[in-house]
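Enquirer: Here's the letter readout for the chains.
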Amino acid sequence: MDPLNIEPFKLFEEAQKVQKKIMAGMQVLRTLDEVDFGCTEKEEVYREDKLVVYRFRGEREPTAETPTLIVYALVNRPYMVDLQEDKSLVRNLLAQGEDVYLIDWGYPDLADRWLTLDDYINGYIRRSVDAVAKKAGVKKINVLGICQGGAFSLCFTAIHPHKVKNLITMVTPVDFHTPDNMLSNWTRNMDADLFVNTIGNVPADLMNWCYLMLKPMRLLQQKYVGMVDILDNKAELENFLRMEKWIFDSPDQAGEAFRQFMRDFYQGNKLVRGGLKLGKHKVDLKNITVPVLNIFAEQDHLVPPDSSRALKGVIGSKDYTQIAFKGGHIGIYVSSRAQREVPPAIHDWLRARA
Amino acid sequence: MSELLDVGQWAKNWEAMARQAQAAMSGNPGMPAWSSAPMPGSAWMENMTKVSPFAGGKQQSEAIEHLLAGAQGYLGMLQSLANGVMGQGAGSSPLADALAGSGFAGAFPASAMGNPFAAAIRGFGSQGARGFEQMMEQFATAAGPMFDKAKGALQMPAFGPLREKQENLQKTAQVFIDYQEQSARHDRLMLKVAEQSFARFQLKLAEREEPGRQIDSARGLYDLWVDAAEEAYAEIALSEEFREIYAAVVDAQMRVRQQVQGEIERFCNQLGMPTRSEVNSIGERLQALRREFRSERENAGGGEALQEEVAELRRELAALKAAREEGAKPQASPARVAAGKTAKTSKPARPAKRTRVARHPASGKAAKASVPARAQVEPPARSVASKPAAAQESTPTSGHREQRRKSTAGKAQRKAVAVTKSRAAKGKKTAASGSFAASIARFARKSKSTAASTAVPGPKEKASKQGGSR
Numbered sequence: 001m002d003p004l005n006i007e008p009f010k011l012f013e014e015a016q017k018v019q020k021k022i023m024a025g026m027q028v029l030r031t032l033d034e035v036d037f038g039c040t041e042k043e044e045v046y047r048e049d050k051l052v053v054y055r056f057r058g059e060r061e062p063t064a065e066t067p068t069l070i071v072y073a074l075v076n077r078p079y080m081v082d083l084q085e086d087k088s089l090v091r092n093l094l095a096q097g098e099d100v101y102l103i104d105w106g107y108p109d110l111a112d113r114w115l116t117l118d119d120y121i122n123g124y125i126r127r128s129v130d131a132v133a134k135k136a137g138v139k140k141i142n143v144l145g146i147c148q149g150g151a152f153s154l155c156f157t158a159i160h161p162h163k164v165k166n167l168i169t170m171v172t173p174v175d176f177h178t179p180d181n182m183l184s185n186w187t188r189n190m191d192a193d194l195f196v197n198t199i200g201n202v203p204a205d206l207m208n209w210c211y212l213m214l215k216p217m218r219l220l221q222q223k224y225v226g227m228v229d230i231l232d233n234k235a236e237l238e239n240f241l242r243m244e245k246w247i248f249d250s251p252d253q254a255g256e257a258f259r260q261f262m263r264d265f266y267q268g269n270k271l272v273r274g275g276l277k278l279g280k281h282k283v284d285l286k287n288i289t290v291p292v293l294n295i296f297a298e299q300d301h302l303v304p305p306d307s308s309r310a311l312k313g314v315i316g317s318k319d320y321t322q323i324a325f326k327g328g329h330i331g332i333y334v335s336s337r338a339q340r341e342v343p344p345a346i347h348d349w350l351r352a353r354a
Numbered sequence: 001m002s003e004l005l006d007v008g009q010w011a012k013n014w015e016a017m018a019r020q021a022q023a024a025m026s027g028n029p030g031m032p033a034w035s036s037a038p039m040p041g042s043a044w045m046e047n048m049t050k051v052s053p054f055a056g057g058k059q060q061s062e063a064i065e066h067l068l069a070g071a072q073g074y075l076g077m078l079q080s081l082a083n084g085v086m087g088q089g090a091g092s093s094p095l096a097d098a099l100a101g102s103g104f105a106g107a108f109p110a111s112a113m114g115n116p117f118a119a120a121i122r123g124f125g126s127q128g129a130r131g132f133e134q135m136m137e138q139f140a141t142a143a144g145p146m147f148d149k150a151k152g153a154l155q156m157p158a159f160g161p162l163r164e165k166q167e168n169l170q171k172t173a174q175v176f177i178d179y180q181e182q183s184a185r186h187d188r189l190m191l192k193v194a195e196q197s198f199a200r201f202q203l204k205l206a207e208r209e210e211p212g213r214q215i216d217s218a219r220g221l222y223d224l225w226v227d228a229a230e231e232a233y234a235e236i237a238l239s240e241e242f243r244e245i246y247a248a249v250v251d252a253q254m255r256v257r258q259q260v261q262g263e264i265e266r267f268c269n270q271l272g273m274p275t276r277s278e279v280n281s282i283g284e285r286l287q288a289l290r291r292e293f294r295s296e297r298e299n300a301g302g303g304e305a306l307q308e309e310v311a312e313l314r315r316e317l318a319a320l321k322a323a324r325e326e327g328a329k330p331q332a333s334p335a336r337v338a339a340g341k342t343a344k345t346s347k348p349a350r351p352a353k354r355t356r357v358a359r360h361p362a363s364g365k366a367a368k369a370s371v372p373a374r375a376q377v378e379p380p381a382r383s384v385a386s387k388p389a390a391a392q393e394s395t396p397t398s399g400h401r402e403q404r405r406k407s408t409a410g411k412a413q414r415k416a417v418a419v420t421k422s423r424a425a426k427g428k429k430t431a432a433s434g435s436f437a438a439s440i441a442r443f444a445r446k447s448k449s450t451a452a453s454t455a456v457p458g459p460k461e462k463a464s465k466q467g468g469s470r
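Line order of the protein sequences matches chains A and B. As numbered in the working numbering, residues 1 to 354 make up the first sequence, in order. As numbered in the working numbering, residues 1 to 470 make up the second sequence, in order.
Chain B with its partners taken away, still in its complex shape (with noise of 0.2 Å):
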């Protein structure tokens, strides 16, 4: 962070400065007396100056330290062209001296932008591993002559026992100078950035010449050049090079260090430590079991495919038992149609009887599965009963679903008596798909008798519906 804004040093300028302008100022009609007001860059600057400035502690002070060196780029500005008016600046012009001062000779001050990716992806180290960016640099100090000398030989086939180290240590060296190459070709994109942002300002600077539309304050320049930086950024950022280019520097890093994770683990191995492999080797089983597991438990407490089934199989029966009612009663009363909500809240309590019905017969872990499903499942009345007789009429799609209804219950119900009496001809006992289909066959033969208890609601059905079904 060397490059960042000396916070000290800007204040001792700045009140040197000040001190200038009051004393060139004075005696000016125009200005107003610099002199009389208080000068806080005193304080200010006494403050900062001091090694410990902030009673509240150090936290505070890296809190300012950090904000300052997000606006070291307009603080930069704000005092080189200061410096220019002063007559202080090294360059002809205050612009120049500016621009030199905000970072933008570079494009962007280099402590954030002299290569933001690189630093990015330097920047995140391995829990407990030294950082990646220390470590290139002990690289490109220490071994980087040596390998550049000794490319060449890189490719060179090993021989003997101790051939695999040996193509071990080539293939590190060959991973390491890959990166520094793709990340030389990203530093000299970025410096294109550089040069392109710095085209476009001076063109939104030829547009500010009109009057009316100049630049008036530092403010106003930093933002003009922050657009035309950014600008210019997008547009390589967004382009095919730059693609290409990044996911070359992004591939080569990740090369580098997975080789040097490969020879920490080789070393951890000798030294019988377990490795990140290992771990993860553990951490995939572990979660290919759980998932395993979970998927075993949801199928055996009645897995949503299962629930799906039985639900569509109480409608159709549902359907069926209404069909019969028709044929039964072919003029239901009024008050029965007008009762068609009331209706669907007496029907929690079959499903009830129903699971007791089918769990008998049953036995094992199918049986075990099928009571919980049941008992989650909607009351098999609730979407035809809940609906007035008249209002399923009155919708085209509402009636090809009850007439759809109709014809699928009909199959569902001849297939599970045609089961239910194979069974039982067999002797056997029921598994748990043959007990729902007993379950569903008996249903169907009380369904006549029980239909007529549904039209009349009872007490205990009318407080449930009021409280909520579920």
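Just chain A, with the same shape it has in the complex (with noise of 0.2 Å):
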């Protein structure tokens, strides 16, 4: 039997559905404002340099005693947890009782090219838990890592476990060289000396292109064809350019930073084999023995859930809790199952811990 059965009928019929949707796009996009997002209110509690930490403001008084504060990526602008008032992983921890602060890391640039792992970790992270913890008046905190973010957190907490009361890790990469990476396959034998002293910072549009070369067909192309159906829809409309915005505004990689997580995490695998170093401090996970949440996503393309899975073997917690959420690495933040999964599981894990 042959594998099509299109009929003309129907095929018509669905290219005129296309040129419907393209019409009515060309009125809707005439109406949509600029681009908004980040829909909680919040104050800023500290600032350094570029970096800014923040306190976001819930419809109520935190029921928390110990702040949570959220180490967020380099590579990608913070505002995905709080994104819009329906995909907000902030909005639904404040809803639930928790205190919440975040680290925005700012858009580095050339001053910022010198910045090491060590800067950053052991710097910019710990002087804004200290920030935190005076705010609250505790002395330790929550600390919650997300992506690359986590990987730090992990390294911070190894550090100073004294100032960490509960981590939480979301989609972090941990073993770096499952078979499934394939941002590590493609960085594994790559000159990371050669490519940072030539190029200084790494521009974001190479990041970018980077991420999008993981799914090229699906990411490049299916996408725009989904955006289609979507085109006479201003609210959906609105959505996915919202999405759009965040992911191609990502700051640029300051240049020393870039060169030892490429070496020491992506290369060297170092989180999991051991010799991680940051300036003066050895990094050994072992050292983690704070109660530890691992929230990854199974059908993550950029951390393989293997990566994040990998944790469990290589802390020194005895009070270790993973789960494993059906979705993305996007959709553990924006999707409709994430708003109602995720904070709640953080909330109640936190809480016994309290």
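Treat the hints with care, as some may be off.
As the list claims (entries may be wrong) - Using 30 Å as the maximum straight-line C-alpha spacing, the simulated DSSO-like pairs for lysine-lysine come out as follows:
no., chain 1, residue 1, chain 2, residue 2
1, A, 21, A, 245
2, A, 215, B, 204
3, A, 215, A, 286
4, A, 10, A, 223
5, A, 245, A, 20
6, B, 204, A, 10
7, A, 270, A, 17
8, B, 204, A, 17
9, A, 245, A, 270
10, B, 204, A, 326
11, A, 223, A, 21
12, B, 192, A, 215
13, B, 204, A, 223
14, B, 192, A, 223
Claimed, not checked - To spell it out: a stretch of chain A is covered by chain B in this simulated footprint if at least three of its residues, at any positions, have a beta carbon under 8 Å from a beta carbon of chain B; those stretches are:
no., region
15, 8-21
16, 83-90
No wet-lab data here; the hints were simulated from the structure. As the structure is a computational prediction, the values presented were derived from the model and not from experiment. Think of the CB as a built atom: it goes at the ideal place given N, C-alpha and C, for glycine as much as any other residue.
Starting from two chains that each stand alone, build the complex the way the hints lay out.
Expert: What follows is the structure, given as structure tokens:
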């Protein structure tokens, strides 16, 4: 039997539908406002160079005594966790009673070219944690690290365990050498020194292009075919464009930090193999004895789930919990399932360890 | 972007096909009356073919063009299928035409996938400099053939006053050639992706031959094609071969960039202009200075290690005090035990007092350093006194901790007293550590008398507890 059974009439109907969508899209696109993001009120509590630490304000006062500081990745903007009212990890955590803070790294420029991972982790993160602890009047705080920020949070907790009460990692790469890690495969043989010495800060466009090339047909083409379907729907189109903005609104990467991340994490896999050193501090994940909640996405194409699962075997904590979320690297923040499942899971886990 | 779908042309073709379909289907009772339906295609085509089709301005025009560029694979496939159905296609089967129209013959549309990595790598130009791609194109056109002929001569040594310059030119040519070779390897690998994705697509189509699994829409066919292409691509992108070639092409490009940057810098130096290397050098030194400065400042303000040490000493002191209290009053009243939490709130008053004592004999930087450190540290007895005695005894760990504290606290006190006595005997002004030791010793001597007062909290302490001690 022929695998194609496309009726001429259906084909024309399909084409006409596309045509109508595009026509309608032309009208809708004219009515769209500038894309906005970030729906939750926040106040600045600490600032250093380009970094700002914000405290979010919910509709009610937090009931949690220990604040939670979100440490986002350097490679994207952190407003993904508070994208819009119905897609906000922050908003939902506040609703649960958590006291939520966030590090916004800003946009590094050439003045930040020589920032090392030591500067980021033992400098910026440490001082941010101190500032949050001081603001909340506590000695230890909860740290919630996301993606690359999760890897940083692991390093931070291993070096400064006395500053962290509970550690949560979300879609965090731990073992960088799992066979399904495409980014790792691409960077494994590259000359990191030659790369950074030549281009300095790594341009955001290059980073974005690399991410798109992980699934080029889906991310460069199929996604926009799907967009045709929603061209006549203003609300959905706005959501699409908001996500589009987040994807391409990326900061450049500070050269030295990138060099070390590529060399020690992607190439050396030192987070699990050992031997990682940040400044004068050795990073040994066995030093992490605080409770750890590890949340990862089962369909994550950027951070394979096995890369995150590896955390279980490398930390010293006896209180380890992991949650496998049915979704992707971004869906874990913005899907409707995520809104229902992730914040309550985090809150319940924290509450049991308050 | 010449390979992009021409949306205006697509609209014209579509309209023509729609008219033919309308004519062909008229009179067919099984089909709807196409002639009765409005033809939005006319208005659309009119809009699309206008010079400035959007009243909203150029930005929106570009937006829709970019959108359609992304969807071109699907639109091309849709058009080709329709052509096939209407007998307009060049190929013998609608499927073959659809694949050709979607760009599948090359696995990926050339604009996006001709050589995606090379495009990505070429795509980011240095600020204020020409794009890398442009530079490479010019090189390939102008100097490429010459270098190809002279390839063997590039290894020849140079002599004379201009030898450095010649050697540098040879190196430039060499890295350009190397980059071209690596790019060609990469292109060949991408061709392999094309072949494998086509093979996978055929397999996937074969799976759809079963009744009920047939593809009944252009979109279904397109999605199947995407699945096949992604699978084939992923298999190669995760391979050792790709890893090696990818690194080679990126490294080769970096060498070209570095070589060109070096040439530009040499030229700039001759003109007395600042260069990237100089700015980098300044930036590196500046960052090192900032790091050093911050470290010094943090240490001066009470470094983390110092703070921790002081906190530990205070805990030991508190344990010692508690031990003495027990010795002096072996039968502590139940009320005092119950007031454990309250007792801790009375502690903040004491560090301030000790701070004043410590500051007095000390002088210089070290003494200044000790002051804020103490001010930031938690009240000394908090960790011990905050727990009721019964609770402390209930767990084996807390019992051990208490025992350890007692023994270390005794040592610490003896040591502190010894240091103080020794310095006093020498008649020296106490240094920072000495002054702190002296304060600890003094505090230890006073602890017996002050302990009694901590048992009963005053109104001030109560208030501080209610409001949070920090």
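Enquirer: Evaluate each hint against the coordinates.
Expert: Comparing the hints with the structure gives:
Proposed proximity of residue 21(A) and residue 245(A) is supported: the alpha carbons are some 22 Å apart, at most 30 Å. A distance of roughly 19 Å separates the Cα atoms of residue 215(A) and residue 204(B); the hinted pair therefore holds under the 30 Å criterion. Proximity of residue 215(A) to residue 286(A) is assessed by CA-CA distance (about 35 Å); at most 30 Å being required, the pair is judged violated. For the hint linking residue 10(A) to residue 223(A), the alpha-carbon distance of about 23 Å falls within 30 Å, and the restraint holds.
A hinted pair counts as satisfied when its Cα atoms are at most 30 Å apart, and residue 245(A) with residue 20(A) qualifies at roughly 26 Å. For the given pair, residue 204(B) sits about 22 Å from residue 10(A) by alpha-carbon distance, which is consistent with the 30 Å threshold. This hinted pair does not check out: residue 270(A) and residue 17(A) have alpha carbons roughly 53 Å apart, beyond 30 Å. About 27 Å separates the Cα atoms of residue 204(B) and residue 17(A), which keeps this hinted pair within 30 Å; it holds.
A hinted pair counts as satisfied when its Cα atoms are at most 30 Å apart, and residue 245(A) with residue 270(A) does not qualify at roughly 33 Å. Between residue 204(B) and residue 326(A) the CA atoms are separated by roughly 26 Å; this keeps the pair inside 30 Å, and the hint holds. This hinted pair checks out: residue 223(A) and residue 21(A) have alpha carbons roughly 15 Å apart, not beyond 30 Å. Among the hinted pairs, residue 192(B) with residue 215(A) is consistent with the structure: their alpha-carbon atoms are about 17 Å apart, no more than 30 Å.
Distance hint between residue 204(B) and residue 223(A) is fulfilled; the C-alpha atoms sit about 21 Å from each other, no more than 30 Å. Between the alpha carbons of residue 192(B) and residue 223(A) the distance comes to roughly 24 Å, so the proposed pair stays at or under 30 Å and holds. Judged by the Cβ-Cβ criterion of 8 Å, the region 8-21 of chain A is covered by chain B as claimed, because 11 of its residues qualify and three suffice. Requiring three or more residues with a Cβ within less than 8 Å of a Cβ of chain B, the coverage given for the region 83-90 of chain A is violated, as only 0 such residues are present.
Figure legend: structure checked against the earlier numbered hints; hints not met, in rising order: 3, 7, 9 and 16.
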